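Here the protein sequences come in this chain order: A, B, C and D. Going by the numbering used here, the letters in the first sequence line up with residues 1 to 342, in that order. Going by the numbering used here, the letters in the second sequence line up with residues 343 to 684, in that order. Going by the numbering used here, the letters in the third sequence line up with residues 685 to 1026, in that order. Going by the numbering used here, the letters in the fourth sequence line up with residues 1027 to 1368, in that order.
I should point out that these hints are in silico values taken from the structure, not numbers from a laboratory. This structure is a prediction, so every number in the text was calculated from the model and none was measured. Note that beta-carbon positions come from the ideal geometry of N, C-alpha and C, so glycine has one too. Just so you know, not all the hints are guaranteed correct.
Unchecked claim - Which bits of chain B does chain D cover? Going by a derived footprint, with three or more residues having C-beta under 8 Å, they are:
| # | segment |
| --- | --- |
| 1 | 525-532 |
| 2 | 577-586 |
Claimed, not checked - Pulled a few chain C residues facing chain D out of the computed Cβ check, cut under 8 Å:
| # | residue |
| --- | --- |
| 3 | Y800 |
| 4 | H804 |
| 5 | A889 |
| 6 | E893 |
| 7 | I915 |
| 8 | I922 |
| 9 | Y933 |
There are 4 protein chains.
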Amino acid sequence: MSKPESKIGVTVIGATGYSGAELVRILLQHPRVKLEKVISRTFAGKPISQIHPRLRTNLICQGLNIEEITSSIVFAALPHATSMGIVGKLHGKNRKIVDLSADFRLQDTTIYEKWYGLVHQQPNLLRKAVYGLPELNRDKIKKSCLVANPGCYPTAAILALAPALQKNLIEKEAIIVDAKSGVTGAGRKLTLTTHFPEVNENMNAYQVEGHRHLPEMEEELSKLSGGKVQITFVPHLIPLNRGILSTCYARLRNSLNVKEIQDLYTQFYQQDPFVEVLPVGSFPQIKEVIFSNRCRLGLTINNTTGWLIVISVIDNLGKGASGQAVQNMNLMCGFPEELGLC
Amino acid sequence: MSKPESKIGVTVIGATGYSGAELVRILLQHPRVKLEKVISRTFAGKPISQIHPRLRTNLICQGLNIEEITSSIVFAALPHATSMGIVGKLHGKNRKIVDLSADFRLQDTTIYEKWYGLVHQQPNLLRKAVYGLPELNRDKIKKSCLVANPGCYPTAAILALAPALQKNLIEKEAIIVDAKSGVTGAGRKLTLTTHFPEVNENMNAYQVEGHRHLPEMEEELSKLSGGKVQITFVPHLIPLNRGILSTCYARLRNSLNVKEIQDLYTQFYQQDPFVEVLPVGSFPQIKEVIFSNRCRLGLTINNTTGWLIVISVIDNLGKGASGQAVQNMNLMCGFPEELGLC
Amino acid sequence: MSKPESKIGVTVIGATGYSGAELVRILLQHPRVKLEKVISRTFAGKPISQIHPRLRTNLICQGLNIEEITSSIVFAALPHATSMGIVGKLHGKNRKIVDLSADFRLQDTTIYEKWYGLVHQQPNLLRKAVYGLPELNRDKIKKSCLVANPGCYPTAAILALAPALQKNLIEKEAIIVDAKSGVTGAGRKLTLTTHFPEVNENMNAYQVEGHRHLPEMEEELSKLSGGKVQITFVPHLIPLNRGILSTCYARLRNSLNVKEIQDLYTQFYQQDPFVEVLPVGSFPQIKEVIFSNRCRLGLTINNTTGWLIVISVIDNLGKGASGQAVQNMNLMCGFPEELGLC
Amino acid sequence: MSKPESKIGVTVIGATGYSGAELVRILLQHPRVKLEKVISRTFAGKPISQIHPRLRTNLICQGLNIEEITSSIVFAALPHATSMGIVGKLHGKNRKIVDLSADFRLQDTTIYEKWYGLVHQQPNLLRKAVYGLPELNRDKIKKSCLVANPGCYPTAAILALAPALQKNLIEKEAIIVDAKSGVTGAGRKLTLTTHFPEVNENMNAYQVEGHRHLPEMEEELSKLSGGKVQITFVPHLIPLNRGILSTCYARLRNSLNVKEIQDLYTQFYQQDPFVEVLPVGSFPQIKEVIFSNRCRLGLTINNTTGWLIVISVIDNLGKGASGQAVQNMNLMCGFPEELGLC
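Could you build the full structure based on these sequences and the hints that come with them?
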């Protein structure tokens, strides 16, 4: 390492939401990144350090002007529907894009249209997009110029279930994912649901009848398992800022013991620097992963019913969003996968 | 109501723990109760208002002296194992006892011994005890002189599942109860797990490999359903003071629609003043029930998998402990069931 | 108590904000109140139990129609400026009104106009209004038909300082009130400041250059002390739902010891059921008063500087708003002062 | 930067408390540090990543064996009294020590003995120690081999008041410091006061009659101002994990306007990378500094009373403890002051 390595130019669109600001925080410390532009329609003209004083930078938020974006890497941290049009215009020109919205996650446009209530405007581009979960799709991500960064719930659930489904350990049609999320997962938009006195000292299930992250889990896990995976998914809102804990339940197909399953999980993730499978008898906690890009998994078999239980924790803004987006950038740029991440 | 009604003398043993103090708070406002003694070994000699300044009373904590307890009603809010000996001595003498410990909840002493690790000292008395869930055992409670007040998790889970099991709607051997509890559920004893900086901004599953409240759920629900009910139960610790939210998952045996099930639930609880079944499409939140004796239930059928989801909320110190204990006292004394409760 | 006492009809205008809903909660349990109408423009037509499920009542929110309000007692829990017009129309007709807004609290209209930025529309009515702090103005409140219910910060600060100022113990021009409030004090209106992830794990001073509750404190304490009281007041937002803790600092004029001052405070409040002066060496905590109408005071003299420190705690929705409003109603109606309050 | 710079060996004694673990976290990312040993009597033999899973390292906690400590730099994060003996044995041998306890902070041993209740065992070593607040003592720290790292409250208060006192703007004998701290400030030791359900939804003043951090503030500020500074200091416990917000009040000696004072503060700290003076009209919040080594200051003059108000925020584990300890190490070792800190 005898000479300083060159830096790559990066733009973040939608830099002042929670995911966008976390991206900026990580990118400012990344040794191979020069953060060139931060774009925010709402706060154009203001220093981003005024909106998020934790960010130590002189960068000024700019309005969105596609032509003025010249960076090699662009992160889009925008609402779905908005994102697909902008990504469509940015694409090409030897540029790599990581899109944090849902717009390029579902390969089946009819499913997209069913869950998001609108026709997909970029079906051709969609076919080029890679689902950005490095633990499943590392090689494709490395060659891709458009990565669809996974949702926070799917990241936690897929990592919890992938080894069991790939190795055909569990039944595919009776999987339960009971997920608990901190409030940043709901974004920075004001709602009564996220008004402090309504959330504090409270908890609740929401979108019990169907949450948009469900098809994403089912699509990826079905691909992996070679069959139709069906999940009962219930997300819950918990009074804390960051973190998702997903408790996953599935019926075992074979009579394996817990150590055998733990071994299979450990082997499945042996090349993955950010996923840790805990020893038998240990279970992960949210505080172990917040402000990091890590996912920790603990598992057991219930004595009475014989069901498999897998518990997965991530930071919804880390491995569940911005950390994973930078992990994807590292892969796309040929950097070491862990660079600038913790 | 032309003349004031007489009051009944009450003693609370273990009055300074969270359940004990909540009992004292409720009993001080109860129109038919004269709170005669509050007993606390740890704080004997001190005014209880010094330990819990919210309690407006001049009562002084006393040491435990069985002979000096002359009240007609005694609440024992003691640790298991300790409780059974004391209840054994108090029993008889025309007295009614509500025991908040686990000691008289399980009719099968081998199960008690397996889960609690000690031989039951009062098997004869155990046979006289009634499991104090009024919604299932109201008539027996009315005639009983020893009520075993249910655990907080079993209360939430049994109320969520009883109608479905009694009416044979769901399979008995694949039920999942994912429960989330506030920290008072862990009691007032100091542990690193409940040290503020360890719980705050954190959450975790605990006793994933087996929690003592499981056999209680299985025993009561098996009785009700006429078959062996098997539950996968995972409790979680959530950073808030009071409240349990249980998300229950079960496979439906018949193809009922959600409205039919909601009707069956509503009918099941039509005589129960403290249980509310929400309209289809509504789901309950913790904040709706804290500081009350209420349980609220919401249910749906998952579109993809067809599994039944029932969500149940209670205050772990209310319907999950002290509120329910007073509800049981009301029944045992022939008072209106809702008296002094909200 | 040989016959049931008659109930008095009550209307609450602005019933769905935090103060309004707390008023409804207290009034539903009040033995002499028949709650006739709950008025909410935003939620007209909906059951109030749907907006605030903790409220067990069938009352439906109604729009505001002055002519249809026939209750003897009206509580107005409305924003300032809005309130004064409505109270103006309601006044008279043998009716008693408790106004929870700031509109009738300041007798000096030029001060009102300076701080609230608008001309007072009801100067004649203002002269009839009594500042509803029972500990200072009990006799006037009893005879009044319009009570201006104090602000939450002024309640905590005035009760902390009144004895010292009335007895001329402290200098009038160098008093500091450092107040810390839970988030319900900021109301139910959505703001970024009260968005959960912004408040949780955060705290901040606000309106450091001048908060509208300051003139209210100064006016009442000046009246009491017979001189111009000047206060440096800084409010802080703290991540909890309910409660104000005010730490007040003042320079003593005479060399009294702490026991003498504690005696004077105790004597000052000896007739006041809701104010408690703690023994020397004890200091109050928020948790002792939440969900109650109580104020607890602790005091000491700083060893180094000789300054007096008085710490005061209340529930901002209890003694700081709705509890105190009911205490005022009790006085206005000739009921026992503590009736229906805890 | 054409060749990699050498790393320096570091040992942390007391590595598993909150300050110790935060030190380890920072040191693991520091580009010039090789963390050689982590010492914890309680957890000797266990990987520190098992006690604090956020720490990604294979280091095993060791028992304390003075002879085996060979690092050039030692951090002692131990309780007072314990620390002074160990530091006494470690001192010398061309080694630099940063002591995070109170044992070497007070130059006047009679004051130490009064507040800590024991005779100082190392008076000679005490004379060599430098009070490790770089903004006041940078040059002395650079030359020192024993730095007494300041307490968290003194750091926040001294930085808030130093410019005003050094420039003789305020009266010395009537300063008020009202400080609010998160719960990690109370350490990892279990107490009822820091049991989750007791702190959550609560707040309280503590040690109102005298807190040990007071003499530290007074000693340093007296030195700086050339006169006897007297402070009324009240600390408060707030339900959040990290952060101190100190609101400081002082009477101005001269009639300066707020802009002039803000200019003097800005000038005072112009060489200090971690202290920021906000523009007039802005005030800092805790969330801006947590997980950093920064201190942010906002100030104003109260309109009514003319008192100066200065608000100061730090992370009690960052600038209030471990961040500052690393800043001191950077100075002692001739590294850039900001290296490895944010």
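Going down the list of hints, with the structure as the test:
1. 525-532: Satisfied; 4 residues make the cut.
2. 577-586: holds (count 3)
3. Y800: 16 Å, violated
4. H804: At 22 Å from the nearest chain D Cβ, H804 (chain C) fails the 8 Å test, so the hint is violated.
5. A889: Holds, about 5 Å.
6. E893: 5 Å, holds
7. I915: 7 Å, holds
8. I922: Holds, because the Cβ-Cβ distance from I922 (chain C) to chain D comes to roughly 6 Å (cut-off 8 Å).
9. Y933: 5 Å, holds
Violation of the numbered hints given earlier is confined to hints 3 and 4; the remaining hints are satisfied by the structure.
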